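Trainee: Chain by chain, the residues run as shown.
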Amino acid sequence: MFTEKKLNRIALLGAFSMFLSTIEYLFPRPIPFMRLGLANLPVILALELLPAPSYFLLVLMKVLGQALVNGTLASYVFLFSLTGSFASALVMWLCYRGLRPRITFIGISVMGALTSNMAQIVLSITFIFGASAWRILPLFLGIGLVSGVFIGIFAQRFSDKSRWWAAMKKEALHESP
Amino acid sequence: MKLRIFDVIALIFSLGVFLLFTIYGRSVNQDEGYVIIETEDDQLIYPLSEDRDIRVEGPVGESLIRIDHGTARFESSDCDDDLCVHMGEIHGAGEWAACLPNRVFLYTGGNEDDREVDAGVY
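Protein chains in written order, with my numbering: chain A, 1 to 177; chain B, 1 to 122.
Okay, chain B solo, but in the shape it has when bound:
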């Protein structure tokens, strides 16, 4: 049994595709995370790599969300208890903060490296 020319081509091609996606997968992993802001009628997404302030309107008033040094947090909100502000900074995959009175929900994703496993089910 000997390999023929197209066997070799098929093997090299397969190996090439495999390596391509391995490299691609690694480059994706290095991406900065992102934050998703859900308000009553809107869904916004911002990269965590750029610092910025975002103002969103809700039923009680205005919430100010600040993206700073790769983390996101509620800077202030027109709610009574400011629980959302006390939730502090979020940045890793699966972290979240919310201002319930103002119906603003904030969660971050990406940044595989600092993902903490909650559960694995196969």
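Next comes chain A alone, as it looks inside the complex:
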């Protein structure tokens, strides 16, 4: 299922994701929950490059990398992150497969951010904080919307302009029958 070339791509994008997690970790957070979601950038771009199994393997890599960088691997935060990431990856994958070319990375990114936040808030209401967690949801959603738009714009521009990325896509296209 995973040829060596595919695994190389997954590894490269996974490494980018982990690197971006580190970059994000360097920024101070004005609000504890505020995340830019930089690590999602490779995951969004990978929609153009990877078929479904490889794509979700990359998502797993992203979650693991993020958890290692943030030191949350052995905490409940990891499960939240895992669920949120997979839910949003699924929605983004469906948007990409189903709605293109009438959607760009901006819409996909915004939907991904929304799904991730909804999934995590449902988990925190069910298992940890109880119904009062609804109150912080607007904050999550607002931040997610704004950062989702910016990540989406960046992803779209990068995909349109980068020659390296174009070469990557071309190679992947030739390879799969």
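Calculated from the structure, these hints are not laboratory results.
Do not rely on the hints blindly, as some may be mistaken.
[What the hints assert, rightly or not] Taking beta-carbon pairs under 10 Å as the criterion, some of the chain A residues facing chain B (in silico):
| id | residue |
| --- | --- |
| 1 | M1 |
| 2 | G71 |
| 3 | F105 |
| 4 | W134 |
[Stated by the list, open to error] Sample of chain A residues lacking proximity to chain B, with all beta carbon distances greater than 10 Å (derived):
| id | residue |
| --- | --- |
| 5 | L26 |
| 6 | S54 |
| 7 | A67 |
| 8 | W165 |
| 9 | E171 |
As the structure is a computational prediction, the values presented were derived from the model and not from experiment.
Glycine included, C-beta positions come from ideal geometry on N, C-alpha and C.
Use these hints to put chain B onto chain A, whose structure you have.
Mentor: Below, chain B alone, put in the same frame as chain A:
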């Protein structure tokens, strides 16, 4: 780079969900508080918005809890020192009163507006 139709739909949808929960969050905040009464073998919850008397049985006898004008207090209790009655009215989030001899514990929640922050840890 131009927005396509489903980008616009995604943005409007996200914004809609955001506004929906903002409005919902505000309406929740305006809710009256509630009081939770814990006895030895029971946990009861009542809204503070309705006046009522609640009688609970404990090891020493009966405790009478009165909800009145959005506050809750021990009206009387069959204990020796009546400390619980002297604790007076409670109404805000995190306030409590207890009758230890009779094993009755009373605390209020909700009413975000008058919550006093004890500590914030991030």
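Trainee: Compare the structure with each hint and give your call.
Mentor: To see whether the hints hold, each was checked on the structure:
Taking 10 Å as the C-beta cut-off, the interface hint given for M1/A is violated, the closest approach to chain B being about 31 Å. Contact between G71/A and chain B, as hinted, is not supported at the beta carbon level, the nearest pair being about 15 Å apart and thus beyond 10 Å. A hinted interface residue such as F105/A counts as satisfied when its beta carbon comes closer than 10 Å to some beta carbon of chain B; here the least separation is about 9 Å, so the hint holds. Satisfaction of the interface hint for W134/A is found here, the shortest Cβ-Cβ separation to chain B being roughly 6 Å, below the 10 Å cut-off.
The non-interface label for L26/A is consistent with chain B: the shortest C-beta to C-beta separation is roughly 17 Å, beyond 10 Å. Every C-beta of chain B lies more than 10 Å from that of S54/A, the closest at about 25 Å, which supports listing it as non-interface. Taking the minimum C-beta to C-beta distance to chain B, about 19 Å, the non-interface status of A67/A holds against the 10 Å cut. No beta-carbon of chain B is positioned within 10 Å of the beta-carbon of W165/A; the least distance is around 15 Å.
Residue-level check passed: E171/A sits 24 Å from the nearest beta carbon of chain B, beyond 10 Å.
The structure is inconsistent with the numbered hints 1, 2, although it conforms to all the rest.
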